[in-house]
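Visitor: Residue strings, one per chain:
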Amino acid sequence: MENQNKAPIYEALKTYRQKRIVPFDVPGHKMGRGNPELTDFLGKECMTVDVNSSKPLDNLCHPVSVIKEAEQIAADAFGCKNAFFIVNGTTAAVQAMVLAVAKRGEKIIMPRNVHRSAINALILGGAVPVYVNPGVNKELGIPLGMRYEDVEKAIKENPDAKAVFVNNPTYYGVCSDIKRIADLAHENGMYLLADEAHGTHFYFADGMPVAGMHAGADMAAVSMHKSGGSLTQSSFLLTSDTVNEGYIRQIINLMQTTSGSYLLMSSLDISRRNLALHGKEIFEKVKSYAEYMRSEINDIGGYYAFSKELCDGGAFYDFDVTKLSIHTRDIGLAGIEVYDILRDSYGIQIEFGDIGNILAYVSIGDRELYLDRLIGALNDIKRIYQKDKTGMLDHEYINPIVKMSPQEAFYGNKKSVPIEKSAGKISGEFVMCYPPGIPILAPGEQITEEILAYIKYAGEKGCFLTGTEDLEIKNIMILEN
Amino acid sequence: MELWFTENHSDSVRFSIRVDEHLYTAETDYQRIDVFQSLEFGKLLALDGYVMITEKDEFIYHDMIVHVPMAVKKDVKNVLVIGAGDGGTIRELCRYNTIEHIDLVEIDEKVVEVCKEYFPSMTVSLDDKRVDIHYADGLRFVRRKINEYDLIIVDSTDPFGPGEGLFTKEFYGNCYNALTENGVLVNQHESPFYINDAKAMCAAHERISSVFPLHRVYQAHIPTYASGHWLFGFASKGLDPLKDLDEDYWNNLGIRTKYYNTELHKGCFALPNYVIDMIKNGLEGEY
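Those protein sequences? They're chains A and B, same order as listed. For the first sequence, the numbering used here assigns the number 1 to the initial residue and increments by one for each residue that follows. For the second sequence, the numbering used here assigns the number 1001 to the initial residue and increments by one for each residue that follows.
What the hints contain is simulated information worked out from the structure, not anything from laboratory work. Note that beta-carbon positions come from the ideal geometry of N, C-alpha and C, so glycine has one too. Please note: incorrect hints may appear among the correct ones.
Said to hold, decoys possible - In silico DSSO-like cross-links for lysine-lysine, where the CA-CA straight-line distance does not exceed 27 Å:
hint: 1; chain 1: A; residue 1: K285; chain 2: B; residue 2: K1110
hint: 2; chain 1: A; residue 1: K387; chain 2: B; residue 2: K1110
hint: 3; chain 1: B; residue 1: K1266; chain 2: B; residue 2: K1237
hint: 4; chain 1: A; residue 1: K403; chain 2: A; residue 2: K387
What the hints assert, rightly or not - Far from chain A, some chain B residues (derived; all Cβ distances over 10 Å):
hint: 5; residue: T1025
hint: 6; residue: G1049
hint: 7; residue: E1170
hint: 8; residue: Y1176
hint: 9; residue: I1195
hint: 10; residue: S1210
hint: 11; residue: K1237
hint: 12; residue: K1243
hint: 13; residue: D1244
hint: 14; residue: N1251
hint: 15; residue: R1256
hint: 16; residue: G1267
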């Protein structure tokens, strides 16, 4: 624990700055002097540490000194063998996990409600998904985690699969029984990969669902920039001694930048130190914020801020109580409508709204006044906008019909057709609402009337639809023949 | 030796009062509290360096925030006052025998304690048996109230400190819910003169208007507030501050006031053109 006081990259940057090195290297702004307008905007302190890899600062692609040391301290903090600094977003960490364990044509077992980055990795590497239907809570209309029995069945039917991929937790905070699933995967010679984009705090807080690496995962992608407090796009890939460190770094280097940002790396270093030293208190506070808001919002009536009472030992195995997920359909409003009203009429930006729910991201950066502003606004929205809920779509998850692998479909012969005429065809691209970025359609899946109706409804309610080549989502690429 | 208390009324305008003694200072969870003995204005209370009240001109503010609504809505029984830990608003309210109950919601207990010690003439009615003091956040307190108050007075600080939540649409919406059928909301409405105050004034007007069917602005001259030209807001579910004013009723109550009278009541809703324009069209093109 003693070494957690250190922050080697941060310290190296401070020393580097003090030495007033004359920069005849990139970046060309040369510590901000070449771009006064940007320096004025971001601050001089910031610009002077936006520097290049060099001997005193190490090299992210091949770390031998301060980055290596920082990575080892991070691994100790998370309780795993290795930690890799990632500056291309958790997307890069997720992709590295997938690409590292499953080659072209090899199978990987995953829930369909994965983030698009996981399916993107299948397009890149050619691995084939075996989807496990996530459980669905009918009342809330959200996909949950994977039931142990469903994973067991998928493993039995696909004994040649290379890995099992688990969201720990989902965007809404729902966890699978990752520990038993990890044991099961290992008994069958498969890797266990954890997408912990929303689970950084599991490693540092008390009373949280079990963290992936502590449950026996072989790798975990951890979005330090979400609950961990680092800068957007910075992340960790954690690995155990069951995978080859050198090989994993090669995989990361296939796609990650060779100009790793020291702003991002120092933010990871400082944030890791902060969590290791103060994580317990920080997340106690976050938990108390979320619990306070949950109880106040449930008192308003009509809204349902759900929590551990939904735990069922199966697809809703555990819940992250720092997540404030609120079901809104019973007041007659889609989550996305509440999301828009909060921003447009109350000046409150929340994380996302879907068909039936909103998610407000609660963190250490919150102020108590703001908690009450959100509660007060929800109270007022109910007063003004509450209506009958009949006619509202209630499901958020449609079982996909997979016709070919994502890679085959993405690189296949495609043509563009009007989306309303695409039923029955095989999609050559993604369609999703962002956030949360979980595909409604992925390449290789059959388009159905039900899916089209859902996309239309989501668009009408104001969801931000993305994924297709056509930015207006009027046309979709389908596979020819 | 000269001691001066200085408040920035804008980035480039200062307002100074010569003081004799710095009587009290404390930093609470919410704000910094200071009490000065001044030569011209008597004792002065400052929160976060802004003048809240002085002994010499507090009567203007408290008369205008209380007697204007009370002369319009005659059947006020239950009142909610938010802010106002200095007690001046409560003192004026307690002069009405028709009022049965007053909830005072002040976030900072220390303000009440300090005012009781240094401003006894303002806090005289805080011990009135009709008054319940709640040390709580106003936004949080009002959220749970439905159809309960005939009058809500928002006696807040500026929207740049602990008073921020009391200038939001959600707060006004929750107040609407907390008011009875013909209820009235009166608030401290900032000043139209310096740009930052004017922005807050326009934002408050826009938000209150989006919640209440009727919203009128009225003015008073308060020497120690920025520019001296200060506004109040009168919002209701239907009662009109001029058409529903009952002069005879109020004058027969026999309440002696130093600033307010019913002629002034009729005049204070008449606004300068630039303020009318600002309220109607916002600040666009103005600055």
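Visitor: Looking back at the hints listed earlier, which ones does the structure fail to meet?
Guide: 2, 4, 7, 8 and 10
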